[in-house]
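Asker: Listed below, chain by chain, are the residues.
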Amino acid sequence: MSDNKQVVADIDRSLYDFKDIENEKDFYRMEEGLNEETVLKVSEEKNDPEWMREFRLKCLKLYHEIKFPDWGPDIDGLDMDKISSYVRHKSEMKGKWEEVPEDIKNTFEKLGIPQAERESLAGVGAQYDSELVYHNVKDEVAAQGVIYTDLESAMWGPYADMIKEHFMKLVPPTDHKFAALHGAVWSGGSFVYVPKGVKVEIPLQSYFRLNAAGAGQFEHTLIIVDEGADLHFIEGCSAPKYNVANLHAGCVELYVAKNARLRYSTIENWSKNMYNLNTKRALVEEGGIMEWVSGSFGSHTSYLYPMTILKGDDSKMEFTGITFAGKGQNLDTGAKVVHQGQRTTSVINTKSISKDGGIGTYRSSVIIQNTAKQAKASVSCDSLMLDSISRADTIPGMDIRTNDADVGHEAKIGRISDEAIFYLMSRGISEEDAKAMIVSGFANPVSKELPLEYAVEMNNLIKLEMSGNG
Amino acid sequence: MSRDLNMKVNVLPVLTYNFLHVNDSALQLSDFNIENLSSPKAGDLPAGVSVREGVSFEEAGELFISNKDKILVAKEEEVNPNGVTAARDASQAIRTGMGADVDGLMINMGAGVDVYTVDEGVKVDKPIILRYDMADGQGSLSGQVIHAAKNSEVTVIMTYTSDQEASGFHGVSTRLLAEEGARINLVKTQTLGNGFIHFDDIGGACFEEGGINLVTLELGGSRVWSSAYVYLAGKESSFTNNMGYLCRDDHNLDMNYVADQRGKKTESSMNFKGVLMGTASKTFRGTIDFKYGSSGSVGDEQEDALLLSPDVINKTMPVILCQEEDVEGRHGATIGQLGEDLLFYMQTRGIDEEEAKRIMIKARLESVARMIPDPEIMQKTQYYIQNII
Numbered sequence: 001m002s003d004n005k006q007v008v009a010d011i012d013r014s015l016y017d018f019k020d021i022e023n024e025k026d027f028y029r030m031e032e033g034l035n036e037e038t039v040l041k042v043s044e045e046k047n048d049p050e051w052m053r054e055f056r057l058k059c060l061k062l063y064h065e066i067k068f069p070d071w072g073p074d075i076d077g078l079d080m081d082k083i084s085s086y087v088r089h090k091s092e093m094k095g096k097w098e099e100v101p102e103d104i105k106n107t108f109e110k111l112g113i114p115q116a117e118r119e120s121l122a123g124v125g126a127q128y129d130s131e132l133v134y135h136n137v138k139d140e141v142a143a144q145g146v147i148y149t150d151l152e153s154a155m156w157g158p159y160a161d162m163i164k165e166h167f168m169k170l171v172p173p174t175d176h177k178f179a180a181l182h183g184a185v186w187s188g189g190s191f192v193y194v195p196k197g198v199k200v201e202i203p204l205q206s207y208f209r210l211n212a213a214g215a216g217q218f219e220h221t222l223i224i225v226d227e228g229a230d231l232h233f234i235e236g237c238s239a240p241k242y243n244v245a246n247l248h249a250g251c252v253e254l255y256v257a258k259n260a261r262l263r264y265s266t267i268e269n270w271s272k273n274m275y276n277l278n279t280k281r282a283l284v285e286e287g288g289i290m291e292w293v294s295g296s297f298g299s300h301t302s303y304l305y306p307m308t309i310l311k312g313d314d315s316k317m318e319f320t321g322i323t324f325a326g327k328g329q330n331l332d333t334g335a336k337v338v339h340q341g342q343r344t345t346s347v348i349n350t351k352s353i354s355k356d357g358g359i360g361t362y363r364s365s366v367i368i369q370n371t372a373k374q375a376k377a378s379v380s381c382d383s384l385m386l387d388s389i390s391r392a393d394t395i396p397g398m399d400i401r402t403n404d405a406d407v408g409h410e411a412k413i414g415r416i417s418d419e420a421i422f423y424l425m426s427r428g429i430s431e432e433d434a435k436a437m438i439v440s441g442f443a444n445p446v447s448k449e450l451p452l453e454y455a456v457e458m459n460n461l462i463k464l465e466m467s468g469n470g
Numbered sequence: 001m002s003r004d005l006n007m008k009v010n011v012l013p014v015l016t017y018n019f020l021h022v023n024d025s026a027l028q029l030s031d032f033n034i035e036n037l038s039s040p041k042a043g044d045l046p047a048g049v050s051v052r053e054g055v056s057f058e059e060a061g062e063l064f065i066s067n068k069d070k071i072l073v074a075k076e077e078e079v080n081p082n083g084v085t086a087a088r089d090a091s092q093a094i095r096t097g098m099g100a101d102v103d104g105l106m107i108n109m110g111a112g113v114d115v116y117t118v119d120e121g122v123k124v125d126k127p128i129i130l131r132y133d134m135a136d137g138q139g140s141l142s143g144q145v146i147h148a149a150k151n152s153e154v155t156v157i158m159t160y161t162s163d164q165e166a167s168g169f170h171g172v173s174t175r176l177l178a179e180e181g182a183r184i185n186l187v188k189t190q191t192l193g194n195g196f197i198h199f200d201d202i203g204g205a206c207f208e209e210g211g212i213n214l215v216t217l218e219l220g221g222s223r224v225w226s227s228a229y230v231y232l233a234g235k236e237s238s239f240t241n242n243m244g245y246l247c248r249d250d251h252n253l254d255m256n257y258v259a260d261q262r263g264k265k266t267e268s269s270m271n272f273k274g275v276l277m278g279t280a281s282k283t284f285r286g287t288i289d290f291k292y293g294s295s296g297s298v299g300d301e302q303e304d305a306l307l308l309s310p311d312v313i314n315k316t317m318p319v320i321l322c323q324e325e326d327v328e329g330r331h332g333a334t335i336g337q338l339g340e341d342l343l344f345y346m347q348t349r350g351i352d353e354e355e356a357k358r359i360m361i362k363a364r365l366e367s368v369a370r371m372i373p374d375p376e377i378m379q380k381t382q383y384y385i386q387n388i389i
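In order, the protein sequence lines correspond to chains A and B. In this text, residue positions in the first sequence follow this note's numbering: the first is 1, and each later residue adds one. In this text, residue positions in the second sequence follow this note's numbering: the first is 1, and each later residue adds one.
I should point out that these hints are in silico values taken from the structure, not numbers from a laboratory. Cβ coordinates follow ideal geometry from the N, Cα and C atoms, glycine included. You may find that some hints are simply not true.
Said to hold, decoys possible - Covered stretches of chain A (in silico footprint by chain B; criterion: 3 or more residues with CB under 8 Å from a CB of chain B, positions within the stretch not fixed):
| hint | stretch |
| --- | --- |
| 1 | 194-205 |
| 2 | 395-405 |
Said to hold, decoys possible - To give an idea of the chain A side of the interface with chain B (calculated C-beta under 8 Å), a few residues:
| hint | residue |
| --- | --- |
| 3 | 70 |
| 4 | 328 |
| 5 | 430 |
What the hints assert, rightly or not - Once the Cα atoms are required to be at most 30 Å apart in a straight line, the calculated DSSO-like pairs of lysine-lysine come out as:
| hint | chain 1 | residue 1 | chain 2 | residue 2 |
| --- | --- | --- | --- | --- |
| 6 | A | 376 | B | 357 |
| 7 | A | 311 | A | 169 |
| 8 | B | 75 | A | 272 |
| 9 | B | 75 | A | 373 |
| 10 | B | 150 | A | 327 |
| 11 | A | 258 | A | 327 |
| 12 | B | 315 | A | 169 |
| 13 | A | 177 | B | 265 |
| 14 | B | 273 | A | 412 |
| 15 | B | 235 | B | 150 |
| 16 | B | 150 | A | 412 |
| 17 | A | 373 | B | 273 |
| 18 | A | 67 | B | 315 |
| 19 | A | 177 | B | 70 |
| 20 | A | 376 | B | 273 |
| 21 | A | 376 | B | 315 |
| 22 | B | 362 | A | 373 |
| 23 | B | 126 | A | 311 |
| 24 | A | 376 | B | 362 |
| 25 | A | 412 | B | 126 |
Input sequences plus hints: build the corresponding full structure.
Answerer: In structure tokens, the structure reads:
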């Protein structure tokens, strides 16, 4: 067991926490603050079509009108006057890894992205601050007709109408203040289209790196999985730690057509000065399946509740999530589901761990509309408290408007049992290792849903947090 | 006296998404009358029990204010949960399920409070019964404080009745203090008429080894608010709550129950069993709150809601808040209609669907009614259930 402990000690936060200095020569950085001028500047930088420019201005107006949420973690430390909405490297996006600027390439090399692409991914998008710097999809996947590109160029190509039809329709800017903010200053992100019947055998991945201090990242991910198609999309996020607030207000819109399946996996490890106010939503048609796998480890403050609308009859949703709230973190996470179609089913399974003064809140909503006859929903949320200076709160909501539905809910809060620790210690395992093993076991239902290399990363993150070096 | 009411009540201890419309409930009425501002009398009281009648709401609250430090057991290490609403009710002598707006109404209307005190060590074996028999068109607002001194025990039964077709307004505030080793058993049955607006607001606190047991049946009324906030302040104190409800036609029931566990090794158990029919709607808020210092405590909350019509609305907010490592908190909810297997079983025994539903409603509600410790009131309640279904 001592060998194992050595591995724990070897993991270094610098894996994510290294900083690359961004100089004025290579980087363009928009001045801090949010007003019409900055929004128009972003629009100009992005070469927006006219409709998008108008849309951004409408969103800015909404941003000023909509109030901050009154129910979640405190976001007083977030001052938009000190956040730059747009930072980019002066070079263009590349399709070949060798052509990516050296400094950015180094960052992603350290994070192991190109290696992962070579070994296990069908395509990769890498976003550095506000812009995608690299995008590539394997030839055989492209040959199937799969589109995986940056959203900006797609707006001018053959998929322009499809993007206009879907962009921020699932997450309208009126949804909440940060959806409006996103609409005003969004930049970067990916567009994925999987044609009818195409099954992408290996995952696509987007990696988001926010390297600049005091900046915001507002990438938009739009995925359309057409009838009978199948896709696994992986999203990874990280940033170095600064002593000023950074903001991530991305938006993910997922359309799952009839009998299609989409799995969307996220390992989020933003630095602990990050306000992660991200919005993710999926619309599932008849017989479609939406699967979410979500690991939240980083950020100072998170509001994150991926939402699924089960519109079509017999559509399904499964959410598996883990949140680890450590020192200085307030992670308010969970899931939302709306059942509209008949015989729709949803399963929400979450695990939450709180340690060293961290606040972990599981928050959810399950809505069963009157049309959702024979719907079934099951929610299970387990929280583990590792000390008494932390918090683990469970705030689930259910709104059921038909009798012809089955809804079950289970929540448990507890600690690591003394008996389990005693048992492991009696077999020569130290108390510290015993606790780490039990926590890894607690997280197992989530890690087993991830591809092997991501499961390993997640387990490493758990060990890192358990060792107090997170 | 005719007046308007505009109150925000049943505020969730922590706010959540506004689109769910569960963060609070609006109690709004216009042009309603309240003529009766006093509680019914209990008759001859057992030895060791005394009552001060018609005390002002504020004066009756002094018992809790003078014990505030002991009830709140405040610790510097406490960290607030996200969206906490405690400050809203900070003005209350003791926090109640419905909150500060009920205090405001009681004070403004000049409602009288009867303060019952059970002397130290006195264990009353016969229940004290308060019967509210409401006439059609009547309005009533009144309160009680039940104070059980050290090692005492008392059972209080309150019944709210009227003709089935009667209308009116009925509001009750009941505040409880169970001192060290004391036990308060409070039973409330509500079988008011179909036009009644009714609220029942409870606030309570238990010191070391003290206990509060609530049994509540909300069976009548058109718009009903039923709530309790109980502090388990002392070591090994306990709170049990068993509630049964029937919500039919276009009636509405709004609940907010909180077990605030502060002492070590405290225990809470809350069970809610109910039936929704017609176009009825119900909002259930149930919170177990393990505060810092409540090590060794357990909390359990179970909801079983039977939905018998396609047009009912059932909202459920089961909340567990926790700032203590060594606790066990559980919540379970089962919401839905009668299972096909059960219906099939019943049908093979010659029982049709309608009869099967009646049997299941009766079974749910009678399991709570059987906890009423007075045979006459228990039988009347069972008779009411039988009749209504």
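Asker: All hints, please: hold or fail.
Answerer: Going down the list of hints, with the structure as the test:
no., hint, result
1, 194-205, "violated (count 0)"
2, 395-405, "holds (count 11)"
3, 70, "holds (6 Å)"
4, 328, "violated (12 Å)"
5, 430, "violated (19 Å)"
6, 376/A <-> 357/B, "holds (21 Å)"
7, 311/A <-> 169/A, "holds (15 Å)"
8, 75/B <-> 272/A, "holds (27 Å)"
9, 75/B <-> 373/A, "violated (49 Å)"
10, 150/B <-> 327/A, "violated (43 Å)"
11, 258/A <-> 327/A, "violated (44 Å)"
12, 315/B <-> 169/A, "holds (28 Å)"
13, 177/A <-> 265/B, "violated (43 Å)"
14, 273/B <-> 412/A, "holds (20 Å)"
15, 235/B <-> 150/B, "holds (14 Å)"
16, 150/B <-> 412/A, "violated (34 Å)"
17, 373/A <-> 273/B, "holds (23 Å)"
18, 67/A <-> 315/B, "holds (25 Å)"
19, 177/A <-> 70/B, "violated (42 Å)"
20, 376/A <-> 273/B, "holds (21 Å)"
21, 376/A <-> 315/B, "holds (16 Å)"
22, 362/B <-> 373/A, "holds (26 Å)"
23, 126/B <-> 311/A, "violated (58 Å)"
24, 376/A <-> 362/B, "holds (26 Å)"
25, 412/A <-> 126/B, "violated (39 Å)"
Of the numbered hints listed earlier, those contradicted by the structure are 1, 4, 5, 9, 10, 11, 13, 16, 19, 23, 25.
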